[in-house]
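**Q** If you want the building blocks of each chain, they are given just below.
Protein chains: 2
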Amino acid sequence: MKLDYQLKKVEKNTKARLGEFQYLGKTYETPMFMPVGTQATVKTLSPEEIKEMHAGIILANTYHLWLRPGMDLVEKAGGLHKFMNYDGPILTDSGGYQVFSLAKNKKKDITEEGVHFKSHIDGQNLFLTPELSIQIQNKLDSDIAMSFDECPPARADYEYLKASVERTIRWAKRGKEVHKNPNQMLFGIVQGGAHKDLREYSAKETVKLDFDGYSVGGVANDHESKEDMYKAIDYSIPYLPENKLRYLMGIGEPIDILEGVIRGIDIFDCVSPTRLARHGHALTKYGKINLKNAKYKEEFTPICDHCDCYACQNYTKAYVRHLITANETFGARLLSIHNIRFLIRMTEQIREAIKNNTILEYKEEFIKNYYGDKNE
Amino acid sequence: MKLDYQLKKVEKNTKARLGEFQYLGKTYETPMFMPVGTQATVKTLSPEEIKEMHAGIILANTYHLWLRPGMDLVEKAGGLHKFMNYDGPILTDSGGYQVFSLAKNKKKDITEEGVHFKSHIDGQNLFLTPELSIQIQNKLDSDIAMSFDECPPARADYEYLKASVERTIRWAKRGKEVHKNPNQMLFGIVQGGAHKDLREYSAKETVKLDFDGYSVGGVANDHESKEDMYKAIDYSIPYLPENKLRYLMGIGEPIDILEGVIRGIDIFDCVSPTRLARHGHALTKYGKINLKNAKYKEEFTPICDHCDCYACQNYTKAYVRHLITANETFGARLLSIHNIRFLIRMTEQIREAIKNNTILEYKEEFIKNYYGDKNE
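Chains as they are written, first to last, in our numbering: chain A, 156 to 531; chain B, 156 to 531.
Be careful, since some hints might not be right.
Just some of the chain A residues that point at chain B, by a computed CB distance under 8 Å [stated by the list, open to error]:
hint, residue
1, Ala195
2, Thr196
3, Lys231
4, Thr471
5, His477
Simulated restraints, written as ranges between beta carbons of each label pair [as the list claims (entries may be wrong)]:
hint, chain 1, residue 1, chain 2, residue 2, range
6, A, Tyr526, B, Thr182, 52 to 58 Å
7, A, Glu203, B, Tyr441, 27 to 33 Å
8, B, Tyr526, A, Arg223, 29 to 35 Å
Hints in this document: simulated from the structure, not taken from any laboratory. Built from N, CA and C at the ideal position, the CB exists for glycine as well.
Work the whole structure out from these sequences, hints included.
**A** And the structure:
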């Protein structure tokens, strides 16, 4: 059964939305942060740990799973849920972003038919098309599949972006035509950089194709400014239907989650909590801290006060710092648990604020603490 | 409170012993396999996972913890149990083995006073003495501390070994004199290579010092033959008191655990289950298998039939193989759980066989399966 999104409320002073969907008898609320399990595993963590932090949807990566272990193997295993032993909802991206960012030497040849590129693992020639991306996702049997889109460079010129948006719409249509998995939602992706007219065009044409949900794409590029990201959302949202999920791809910086929510986004994903963890960084109320810093050597207090996560309930900064310094993966595991839970707890607070029509106050308070002067 | 060992039974046909001790209200049985948590963490695992596999004592490493994070820091944290959040019994080794095997360039200068060597982390000059080893272990506040011994090369000549044994006895005496932790057992270590007279001398002199338990040392050296290891045990055991724990240091190969048990050893430790896990190897009833092998690519069955571990209950060989191939640490974590549980389950079966006076039959059956012709 496809998961069915219901919009419950729009906050009084902003476009922030409270929504929910049911999945295998359980209700999940949005706004939601989705942990990323690129290779059918959220790095260092077990499915039980992911559920203990009240995660909802998790992400898996079509490009990576296509290369390794392969779509047919996952299909034989009974699909991604069974393969990785996760019974919560799973979203797969289309592979487009990885093709454009990971392909060996970043050399690729974009044709109307699809994208030729070389594997980042062994350099073999690969060809990914909109149809193949959907076929892979059908076999992976995720709950939400994404259309295959082109992710053009952030600062590509207007003419290029226009042609790219048009191609992405044609690709979305082709993908939808071959989509066969009745239990899987298929999302369309709005592109168009920070151009008002391109975003409007892309949104309207994509919505015409009638997808189960929509993503605002092309915003997770490092070279793009935050202003451009917020513009991309503002220019896309007005044309998206109220009763469908809206997904801001690849975004997990707290300020951006807040800005996204306020602009009408429902779901977010980002590798940052686990990546930061592997580098010894922790998210706290008072900003990001680097546990490798010598000042935490003898701090026998939790990573973050009042945090309810397993790491904060059982370990000290001094211990986690020791693990990170000694290259022990249990350190990355504890920080992954903490960082993901931090973002999930933030979305829980965001939902509460939407219920109370206080999202702007929540945002101000959060930002004051998190990005304040005292922070590292 | 010191843990108190009670010998419950000696098997009818061998010297295999069934014993037990109490710790914080819980009864632990021997023979026992002790997982190794070198740097105050059993690599990749949480304390809860270690307890779920019915582990008893775990090991931590004095040399490593002395260097990082330092004995004073662990003391300030409230001792090792609190620092690493493990409320089961902990044994610390003396650091001797690491000084002799890990010291930078393996260059060291052994004097009567102690050993000068360079840190394997940053090359700084260090000096470890029998007294300092005990003082570190006192501060770590483990439940069992080990005397600081010299670990001479396996094939050192008789005269060298004799002098070394004598020095190790003097070191044991010096360590015992400074041992101050009333809740901590202190074990002596019997050395002497594969020489009957040296083992007898070492055992008798060490027992005269009246330790809380005894270890048969100098057997975990790769260059030593199995025959020499078994001789070392056979030549040491007759002189050790019945009512004290006997520990075979650094041994975890199944055949050696069996041979040790039959010769009267109670406790064993080895890094092999977690090290093998990181290299993609799993221990099974039918021997060690390498999950990187292509033949497991589509094996949608547990690592090991009838295994009750978390990994075998929830995942397939195909998934674990995927994780290992994709360098995902959750793979090493699942295999660590499985491999440690495999050895712990083996000791559970060994205890059952001792109760039934069938240890020789158990050994024969185990070896036929584990080391049989069909195996990889």
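**Q** All hints are to be evaluated individually against the structure, with a verdict given for each.
**A** For each hint, the structure was consulted:
| no. | hint | result |
| --- | --- | --- |
| 1 | Ala195 | holds (7 Å) |
| 2 | Thr196 | holds (5 Å) |
| 3 | Lys231 | holds (6 Å) |
| 4 | Thr471 | holds (7 Å) |
| 5 | His477 | holds (4 Å) |
| 6 | Tyr526/A <-> Thr182/B: 52 to 58 Å | holds (54 Å) |
| 7 | Glu203/A <-> Tyr441/B: 27 to 33 Å | holds (29 Å) |
| 8 | Tyr526/B <-> Arg223/A: 29 to 35 Å | holds (33 Å) |
No hint from the list above goes unmet by this structure.
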